[in-house]
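Asker: From first to last, the protein sequence lines stand for chains A and B. All letters in the first sequence, in the order written, are residues 144 to 492 by the numbering used here. All letters in the second sequence, in the order written, are residues 209 to 461 by the numbering used here.
Read the hints as simulated data drawn from the structure, not as lab findings. These numbers come from a predicted model, not from an experiment. C-beta atoms are modelled at their ideal positions from N, C-alpha and C, and glycine is treated no differently. Be aware that one or more of the hints could be misleading.
As the list claims (entries may be wrong) - FRET-style restraints, in silico, Cβ to Cβ:
1) ALA263/B x ILE307/A: 33 to 43 Å
2) HIS210/A x LEU277/B: 24 to 34 Å
3) LEU303/A x PRO248/B: 22 to 32 Å
4) HIS210/A x ALA263/B: 29 to 39 Å
5) ILE379/B x ARG365/A: 44 to 54 Å
6) ARG389/B x LEU303/A: 31 to 41 Å
7) ARG277/A x GLU382/B: 31 to 41 Å
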Amino acid sequence: MHVPDGFINAPVSAVTGVVAAGAIAVSLRGARRELDERTAPLAGLVAAFIFAVQMLNFPVAAGTSGHLLGGALAAILVGPYTGVLCVSVVLLMQGILFADGGLTALGVNITDMAIVTTVVSYAVFRVLVKVLPRKRRSITVAAFVSALLSVPAAAVAFTLIYAIGGTTDVAISKVATAMIGVHILIGVGEAAITGLTVGAVIAVRPDLVYGARGLQQRLKLRVNGELVDAPTTVAPVAARSSHRKVWITGLVTSLVLAGFVSFYASASPDGLEKVAKDKGIDQKAEKHATKDSPLAGYGVKDISDARISGGLAGVIGVGVTVVAGSGVFWAIRRRRSADASAVSLPESV
Amino acid sequence: MGAGHAHRLYRHEHSPVHALPPHTKLAAAFAFVVVVVSTPREAMWAFALYAALLATVAYKARVPAGFLLKRLLIEIPFVAFAVLMPFVAEGERVDVLGMSLSVNGLWGAWNVLAKGTLGVAASVLLASTTELRELLLGLQRLKLPPLLVQIASFMIRYGDVITDEMRRMRIARESRGFEARGVRHWGVLAKSAGALFIRSYERGERVHLAMVSRGYAGSMPVIDEVTASRAQWSYALALPFAALVVCLLGWTL
Chain A
144 MHVPDGFINA PVSAVTGVVA AGAIAVSLRG ARRELDERTA PLAGLVAAFI FAVQMLNFPV
204 AAGTSGHLLG GALAAILVGP YTGVLCVSVV LLMQGILFAD GGLTALGVNI TDMAIVTTVV
264 SYAVFRVLVK VLPRKRRSIT VAAFVSALLS VPAAAVAFTL IYAIGGTTDV AISKVATAMI
324 GVHILIGVGE AAITGLTVGA VIAVRPDLVY GARGLQQRLK LRVNGELVDA PTTVAPVAAR
384 SSHRKVWITG LVTSLVLAGF VSFYASASPD GLEKVAKDKG IDQKAEKHAT KDSPLAGYGV
444 KDISDARISG GLAGVIGVGV TVVAGSGVFW AIRRRRSADA SAVSLPESV
Chain B
209 MGAGHAHRLY RHEHSPVHAL PPHTKLAAAF AFVVVVVSTP REAMWAFALY AALLATVAYK
269 ARVPAGFLLK RLLIEIPFVA FAVLMPFVAE GERVDVLGMS LSVNGLWGAW NVLAKGTLGV
329 AASVLLASTT ELRELLLGLQ RLKLPPLLVQ IASFMIRYGD VITDEMRRMR IARESRGFEA
389 RGVRHWGVLA KSAGALFIRS YERGERVHLA MVSRGYAGSM PVIDEVTASR AQWSYALALP
449 FAALVVCLLG WTL
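In isolation and in its complexed conformation, chain A is listed as follows (with noise of 0.2 Å):
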C-alpha cells in the first residue's frame, strides 16, 4: 500500500504533506505526555518492532500470505500518539533508506497509514472498552474489532485522496471497490493477528498494554485479618456503569435505526423530492456538490439494492459520526480535568 512518487498530484501530495507535518507535531507532545522523559528510546524501540513485525508474514489460504500493518497494534499496545509517531517513522525510514513509496508521496502515506489506522482504531477501540464487561478478555475483543476496522478506514481514506487528487482517472467506484474490498479481507488477518498479540500480551505483561490501564486490579492491604483498599492516589471514577449503559444504548439503538429500520424505510422519494419532481420544480435545482461522494444520496455507491444499500450506508454513518463524536468528547473532557487538576492543584500542596 505505499504509494510510490507521482501517483498523487502535486498540490493534493503537499496537502497531506501538511496534515502529516501537522500530527506529527501533535504527536510529539502527544507521546511526552504517555511516556515522559523516556520518549526516545522507548519510542524508537517500539518503532523497531513495528518494522520488524511488517516483516513477520501470516499464512492466509494456499500459497499466499498477507503481513502486519501495525497501527492498531501500536496505538493499543502504546497509546495513540505513540503509536501515530512510531509508525510515522517507519514509513520516513522506509521511504529514504528502502525507497519504498515516494519521497513526495510521504504525506499521503503517513496520513492514510500511520494517522487514519492509529486514530480510527484508537477511537472504535475505546469506544468498545467503555461498552464491553472490564474484562480482560475485552480488551482483546475490542482490539479485534479495532483493528478489523482501521484497515478498511485507511482503504477508504486512500479513495478520498485518490478522488481528489489521484493522476489517473479510473472510475472511483471502482477504485474504491477495489480497494475496500481487498482490505476488507486484509483487515480480517491484521485484526486477527492484533487481538491475539494483545492477548498474548496481556497475559504476560499486562502493565504494559496501554489500553488496559484501567483494568488493573485495586491493591488490597491486609489490615488486622481484614482485607482494605490500599490509598490510591487516583480519585475513584463515579457512576461508572451508569454511563456504560447509556454509551451501550445509544450505540445499539443508532444502528438499530440507522441499518435496519432504514433497510426497511421506504425507498421511494421523501414527500418534498416527490412534490419537486412532480410539479418540475427541480429542474434548476443544482445537484448537491457532494453528489458524486461515495455515499452520496443515503446509498452505498455500487450496491445495487436499494435497501441493503441504504442500511450499509446508515452503519457507516453512524460509525463516523460516533468516532467524530467521540473524538469532540474526549477533548473537551480532557481539557476539563485538566482545568480540574490545575485548580486542585493548590489544595494538595
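Starting from the known structure of chain A, fit chain B onto it as the hints suggest.
Answerer: Relative to the frame of chain A, chain B by itself:
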C-alpha cells in the same frame, strides 16, 4: 553487530557524491523528485533526460548499474497496479494487439511508472551514497524535530537487533517442528509477536536507564556538526536545477 556497522543499503566508496554533506544530498534528492512529479506526462523525452541525469550521478558516485537495478525491484507491486490501469480506466479506447485499452489509462500507467521509477532511483542513490548516521544528522540539520530524529536513530540502531531477535524465535519455532501453514497457526505467530513486543519494550527501558546513567537529559549531544560550503551546496543542487530546466522545457514545448 559484529559484522561492521555499515548498513547493507550503503555502498562504501570514495566518490565526490559520497563526500557531499548529507543534508545537501537530502535536499537535492527531494527537490529532484518534486520537479519530476510536476512534469507533464506528455513530455516523454523529459523523463528520458531525467533518467540520464540520474545515470550521471550514479556514474559519479561509482554505483554499478546492476546494484541500482536490483534495488529498483521494490517497485514491483505498483508496476502490477500500473499494468492493470489501461484495462480499467475510463475514456476513449484504442486497440493494441487485439486488446481494447483506454488511452487515459495508458497515459496514467506511463505517468506512474516513469515518475515512480525515477523517485525510487533517486532514493536508492541517496541511501547507497550516504551512511545511515549521516542521513539522520542531515535530517536534523534540515530542522526535523530533534525528538523525531532521536526516535528514528533508535529505530535504525535497534532495527537489526529486533529483527535478529525475531529470526532467532523463528529458528526456535522451526527447530521444534513448527510450520505455519494456515489460519490455525496464527495463534503461535501472534504469541511470538507479543513476546517480541515485550522484549523490545523491556530493552527500551534498559536502554533508557543506561542512557540516564551516562548523563542523558532529554537531548543527544551533537559532536560532529555537519556544515556545507557554498560550493558543496551548488554541486549538490546542480541535479535539481538541471531537472528544473528540463521540466520548464517540458511545460513550454
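Asker: All hints, please: hold or fail.
Answerer: Hints versus structure:
1. ALA263/B x ILE307/A: 33 to 43 Å: holds (35 Å)
2. HIS210/A x LEU277/B: 24 to 34 Å: For HIS210/A and LEU277/B the Cβ distance comes to about 25 Å; the hint holds.
3. LEU303/A x PRO248/B: 22 to 32 Å: At 25 Å between Cβs, range holds.
4. HIS210/A x ALA263/B: 29 to 39 Å: holds (34 Å)
5. ILE379/B x ARG365/A: 44 to 54 Å: holds (47 Å)
6. ARG389/B x LEU303/A: 31 to 41 Å: Given range 31 to 41 Å: holds, Cβ gap about 38 Å.
7. ARG277/A x GLU382/B: 31 to 41 Å: With a Cβ separation near 39 Å, ARG277/A and GLU382/B satisfy 31 to 41 Å, so the hint holds.
Against the hints set out earlier in the document, no violation occurs for any number.
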